[in-house]
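If you're matching them up, the sequences are chains S and D in order.
First residue of the first sequence: 1, per the working numbering; consecutive thereafter.
First residue of the second sequence: 1001, per the working numbering; consecutive thereafter.
Please note that the accuracy of each hint is not assured.
Stated by the list, open to error - Chain D is faced by these chain S residues, among others (derived, beta-carbon under 10 Å):
no.	residue
1	Ala123
2	Gly145
3	Arg149
As the list claims (entries may be wrong) - Using C-beta positions, here's what the derived DEER-type ranges look like:
no.	chain 1	residue 1	chain 2	residue 2	range
4	S	Asp29	D	Gly1377	36 to 44 Å
5	S	Arg126	D	Gly1377	42 to 50 Å
6	S	Asp29	D	Asp1035	47 to 55 Å
7	D	Asp1012	S	Val257	37 to 45 Å
8	D	Thr1395	S	Val214	52 to 60 Å
9	S	Arg188	D	Glu1108	33 to 41 Å
10	S	Arg126	D	Thr1395	53 to 61 Å
11	D	Ala1072	S	Glu220	42 to 50 Å
In case anyone wonders, no lab produced these hints; they're calculated from the structure.
What you are looking at is a predicted structure, and each value in this text was computed from that prediction instead of being measured.
Ideal Cβ positions, reconstructed from N, Cα and C, are used throughout, including at glycine.
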Amino acid sequence: MARHEFRLPDVGEGVAEGELVEWLVAEGDTVTEDQAVAEVETDKAVVDVPSPYDGTVAELHWEPGDVVPVGDVFVTFETEGDGETAESAAADEETRSDQDEPSEETADAEAGAAGEGTDRVFAPPRVRRRARELGVDLGSVEGTGPSGRITEADVEAAAEGDTEPTTADTEEAVTAEPEPQAAAETTRDRTLATPATRRRAEELDVDLDAVPMVEERDGEAYVSTAAVEEYADAQAAAQVADAATVAAGEDREEERVPYRGVRRTVGEQMERSKFTAPHVTHHDTVVVEELVAWRADLKDRAAAADVQLTYLPFVLKAVVAALEEFPYLNSQLDAEAEEIVLKHYYDIGVAVATDAGLMVPVLRDVDEKGILDLAAESQALADRARDRSISREEMQGSTFSITNFGAIGGEYATPILNHPEVAILGLGAIEDRPVVEDGEVVARKTLPLSLTIDHRVVDGAVAAAFVNRVKEYLADPRLLLLD
Amino acid sequence: MMVVGDISTGTDLAVIGAGPGGYAAALRAAQLDVDVTLIEKDAVGGVCLNYGCIPSKALISATDVAYEAATAEDRGVYASPSVDMAEMVDWKDGVVDQLTDGVRRLCESTGVHVVEGRAEFADEHTLRVAHGGEGQGSESFEFEHAIVATGSRPVELPGFAFDGEHVIDSRAALELTEIPDDVVVVGAGYIGMELSTVLAKLGTDVTVVEMLDEALPGFPTDVSRPVQERAEALGVEFVFGEAASEWTETDEGITVVTEDADGEESEFYTEKALVAVGRQPVTDSLNLSAVGLETDDDGFLETDHQCRTAVDHVFAIGDVSGEPMLAHAASHEGEVAAEVVAGEPAALDQQAVPAAVFTDPEVGVVGLTRAEAEAEGFDPVVGRFPFAANGRALTTGDTDGFVRIVADEDSGFVLGGQAVGPEASELIAEIGLAVEMGATLEDVAATVHTHPTLSEATMEAAKHALGEAIHIRNR
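One chain only, chain S, in its complex shape (with noise of 0.2 Å):
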């Protein structure tokens, strides 16, 4: 019998850890090469683990809830032979030279251009012993100094699990495109000050690249003295508010629930997309009992085609059908470049609530598609994020968005955009509502609408107008035929 140490791999693509979910398998149980041992969940999906070996599970090194870092012992296995053979070292080999890929890749692509196929990382001694007492692994933390040295402020934001490795992959995962505009507004690396505010800045221990700016002046940020003092009051109370929360915490239950995951994705999306563009929803109501009826009439005839029809594909028209009006709404601003990209594609995501959290798959170029289409494809998304088996490239590249939060119920909200995009639409629940026609109150079918806008690209009267072209074609689905 022959022991081998399996280590985990990496289960997506250049991720450094992975939270075990559960073991498929128990000690003293027989595998066969490639069946399933784990689930194990990243920050982008729940996949499984497969045995490299067919033999036995000797060991389990993980309780699940542990999150376990690529390359670290995951299972033990013991397989037929005497160890020694060249195929079972040929495997161990492949194995471990599997995994030091991911971190030479990062190692490289992260360290600058130091060289192929070295994982030597470059930090100066006191960097690596801060490293050292935070826990953080060298190899995985993307260096901002010169040449792509590591600095002691990139082992920190690793340390707090804000790499910038995570953050690039986030991105990706729910929104697609990269945003260079995000990256210069939140950091600063050269900030232009009297000699006077630097030496107050001292004092008061503020970062002047942290101040906000006061002006601009030769394309540099201009803080003032008055703006370091604000900020540094301004740090105090935050701290003495978080000494407050954590006081009055202490002899209260609470739980400490890890921020990783889908859910860390989702709120780091949320916080880029809130505090990058200014957001100004519009909200509206119109009146569907048209559409209530076309979509009752064609249901059955959908359910034999084995598609369950919803109102979705009818507003993705109606969406789509307004865009092609007001190209505006289907735009990215791209600000390092001053542009606003107007895209001739209209992929829109659809926001899906899943137990993990909330995911935005995408459907592409929907104004080529039919409704019966749109129905079955946004169904079969749907499905794939809820059991997680859904791919990175489904939920990239949408170029507006739709949420639903109607489905669970309320009329109005203030959905947050799905950066880089610059519109999103939320649909309240189809409700009887009371409606004034010719001065009577009478319940009708109506559809709560809430768009929100990024207005450093959109005005409020072009939303207002987009939303009443949305209205009209929902209000009399006819009018779609005539595109």
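Assemble chain D onto chain S, guided by the hints.
Frame of chain S; chain D shown alone:
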């Protein structure tokens, strides 16, 4: 096992061996409020301070005073100094005493408990220390942690047992009170070459026998070449590709027989044979099995990145834990082990350990050579600056050699350096700092260096790698 008369003392940390590794470990641990007992069988400071690095450098420097004075006629200096070897060795001993006293006082003032005696493990948490001399008895120490820092001793060549008179080791060579007429030095490694150089400068006829085919094997050839040439100019005769096989005593001294690869024998008539063919770890006296440890086939203890042995609470540092067998590596390991014992997250994570050879000219190396950088997957770029183009070197009359810097071409990160020439042992420190900091060629090149100094050669080498050298033609 308790023996009648044994006294048992408890200690958080027992450090065995007070060489540069052991005393650094003890001092660092004491700084971190660990209760430390430092056990030394011979002399605080170990081989390095007492019989190695320090005394050899003292003799080399003192000899250079005489040698320089006697060989400066081209600079208008005429002198015929005479050397009193006994006085020189006395002075050297004074230097050693000053240093070892200093270490002892440091230990006292820092709260390290120094115990004299030979330690061996009695069980997993007990050391027995036998005090020197008749009737001195022994005592036991119950330790939480132990650091093995027992260092190394010279390897004895079969047939060449050290007798202190005809066949001597480096330690005995540093205690000679008379300058020998002739010496056969077996081994052209760094110890053999340092001693050959100093003896040749004192007027001894030196023959160096080396199995391999060049001096300082293991160093790049262009680095060792100037050392070998200077030695030859001093009158050192090299016999390469031959091994010393036996010796016999004669009326006037000894005959050393060497043998080449074909079994061809040669004979050398000489006063003494100085054998410097390497060093081996001192682990055989420790009764390691009592603590659950065994050494590898060469007597070394295997350790991890925190200097921990296979037994969790026992650490090993310095020569006993393998290459590089260098004092400064031992000191660094000692500090790391002490910090780990004190619960700090220390680890051996240095990028490079420098090495120096105090021959004439000196050698200093750190980090990777071009070939090693390539082997590690880098795309290296190399810059080199000869001392012949350095103003300060010209003013000292010593212009052999160069400084070379190796970096990754794309990122500019400095990966290593090699220097041979005046003060190369000092100059290499700057490149060591660059390697450790992750400094780039531009960082070194753009640092203003004092003129006129030898250190400008390092700056110019970095500029040369960037194609920006001022005083030589760029690539």
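Each hint tested on the structure:
Contact between S/Ala123 and chain D, as hinted, is supported at the beta carbon level, the nearest pair being about 6 Å apart and thus within 10 Å. With a cut of 10 Å, the hint placing S/Gly145 at the interface with chain D holds, because the nearest CB-to-CB distance is about 7 Å. Interface hint status for S/Arg149: upheld, as the beta-carbon distance to the closest one in chain D is roughly 4 Å, under 10 Å. At about 40 Å, the CB distance of S/Asp29 to D/Gly1377 agrees with the hint of 36 to 44 Å.
Between S/Arg126 and D/Gly1377 the beta carbon distance is about 26 Å. The supplied range of 42 to 50 Å is therefore violated. For the pair S/Asp29 and D/Asp1035, the beta carbons lie near 50 Å from each other, so the given range of 47 to 55 Å is met. At roughly 40 Å, the beta carbons of D/Asp1012 and S/Val257 sit within the given window of 37 to 45 Å. As the Cβ distance of D/Thr1395 to S/Val214 is approximately 56 Å, the hint placing it in 52 to 60 Å holds.
Take S/Arg188 and D/Glu1108: their Cβ atoms lie about 53 Å apart, and the range 33 to 41 Å is violated. The beta-carbon spacing between S/Arg126 and D/Thr1395, approximately 38 Å, falls outside the hinted interval of 53 to 61 Å. Separated by about 59 Å at the C-beta atoms, D/Ala1072 and S/Glu220 break the suggested range of 42 to 50 Å.
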